[in-house]
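Protein chains: 2
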Amino acid sequence: MTYRAEVFVTLKPVVNDPAGLTIKGGLHALGFDSVREVRAGKYLVLTLDADDEDQARSRVEEMTRQLLANAVIEDYRIELKVPSPSGGGQGGGLRT
Amino acid sequence: MTYRAEVFVTLKPVVNDPAGLTIKGGLHALGFDSVREVRAGKYLVLTLDADDEDQARSRVEEMTRQLLANAVIEDYRIELKVPSPSGGGQGGGLRT
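Protein sequences, first through last, are from chains A and B.
Quick note: the first sequence uses the working numbering, first residue 1, plus one each step.
Quick note: the second sequence uses the working numbering, first residue 1, plus one each step.
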């Protein structure tokens, strides 16, 4: 079956985030003074084949550990979208 | 009140995604052949002050349109985390 996984990679809270600071500065320059903090991260959407949900999840975990996130400075979160049991062709058949 | 907003910015499906293709190539090189597609996007977490949920949401919408996303080539989705009515100090009092 084909699964869709969303991987959210964020810098750990103690790590400086120059991109986030730059975006915050830009928002303030545009007049959005109510913004206190911006943290910039990565949002990756993977489409992959797997036999079942557990296999899909463990594969994405392994990919994230090996390549997608740097565990020294980054945290990550994975959300798996499971296809409907009938297996495909039904666009609305995904659940989180 | 202080709100937390998550902004997900993705390239439109018709737009080429060289970063995603590079990540897919890297995953294949590591042996993850089950990966069919990778799309790379941005994940921004904003902390901002607003009087109520509607104001927070409309401010983040406006920020996203003006600076965070390029509407020509990108789609975006906003999720707002609303603090508990008591207003603060309770770390677990957020709902999506």
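Source of the hints: derived by calculation from the structure; they are not laboratory data.
Glycine residues also receive a C-beta, built at the ideal position from the N, C-alpha and C atoms.
Heads up, some of the hints might be wrong.
Unchecked claim - Below, computed lysine-lysine pairings styled on BS3-like, alpha-carbon distance capped at 27 Å:
(1) Lys-42/A x Lys-24/A
(2) Lys-12/B x Lys-24/A
(3) Lys-24/B x Lys-42/B
(4) Lys-81/B x Lys-24/A
(5) Lys-12/A x Lys-42/A
(6) Lys-24/B x Lys-12/A
(7) Lys-42/A x Lys-81/A
(8) Lys-81/A x Lys-42/B
(9) Lys-12/B x Lys-42/A
(10) Lys-12/B x Lys-24/B
(11) Lys-81/A x Lys-12/A
(12) Lys-24/B x Lys-81/A
(13) Lys-81/B x Lys-12/A
(14) Lys-24/A x Lys-24/B
(15) Lys-24/A x Lys-12/A
Said to hold, decoys possible - Beyond 10 Å from chain A on every Cβ pair, some chain B residues (computed):
(16) Leu-21
(17) Arg-36
(18) Ala-40
(19) Val-45
(20) Leu-48
(21) Asp-52
(22) Glu-53
(23) Arg-59
(24) Met-63
(25) Asn-70
(26) Val-72
(27) Ile-73
(28) Leu-80
(29) Val-82
Said to hold, decoys possible - According to the in silico footprint, chain A covers these stretches of chain B (three or more CB under 8 Å from chain A):
(30) 10 to 17
(31) 22 to 35
Measuring Cβ to Cβ, find out whether Ala-40/B lies farther than 10 Å from everything in chain A.
-> violated (6 Å)
Per the stated criterion, does the least C-beta distance between Ile-73/B and chain A lie above 10 Å, as a non-interface residue requires?
-> Holds, because the least Cβ-Cβ distance between Ile-73/B and chain A comes to about 15 Å, which exceeds 10 Å.
Status of the stated non-contact between Leu-48/B and chain A (beta carbon gap over 10 Å) = Per Cβ check, Leu-48/B is inside 10 Å of chain A; nearest 5 Å; violated.
Given that the region 10 to 17 of chain B was listed as covered by chain A, double-check it with a C-beta distance under 8 Å for 3 or more residues.
-> violated (count 1)
Take a quick look at Leu-21/B and tell me if its Cβ sits farther than 10 Å from every Cβ on chain A, holds or violated.
-> holds (12 Å)
Taken at face value, is the distance from the CA of Lys-24/A to the CA of Lys-42/A at most 27 Å?
-> With a Cα-Cα distance of about 17 Å, the restraint between Lys-42/A and Lys-24/A holds, given a limit of 27 Å.
Within a Cα-Cα threshold of 27 Å, do Lys-24/A and Lys-24/B meet the stated pairing?
-> Roughly 31 Å between the alpha carbons, so the hint for Lys-24/A and Lys-24/B is violated.
Distance restraint between Lys-81/B and Lys-12/A, which requires alpha-carbon spacing of 27 Å or less | Holds: Lys-81/B and Lys-12/A sit about 19 Å apart, inside 27 Å.
For Val-72/B, which was marked as not at the interface, is the minimum beta-carbon distance to chain A over 10 Å?
-> holds (18 Å)
Asn-70/B non-interfacial with respect to chain A [C-beta, more than 10 Å] | Given that every Cβ of chain A is farther than 10 Å from that of Asn-70/B, nearest at about 13 Å, it holds.
Outside-interface status for Met-63/B - nearest CB in chain A farther than 10 Å = violated (5 Å)
Non-interface label on Asp-52/B, tested against every C-beta of chain A at 10 Å | About 12 Å separates Asp-52/B from the closest Cβ of chain A, which puts it past 10 Å; holds.
When held up to the earlier numbered hints, the structure conflicts with 14, 17, 18, 19, 20, 23, 24 and 30 and fits the remainder.
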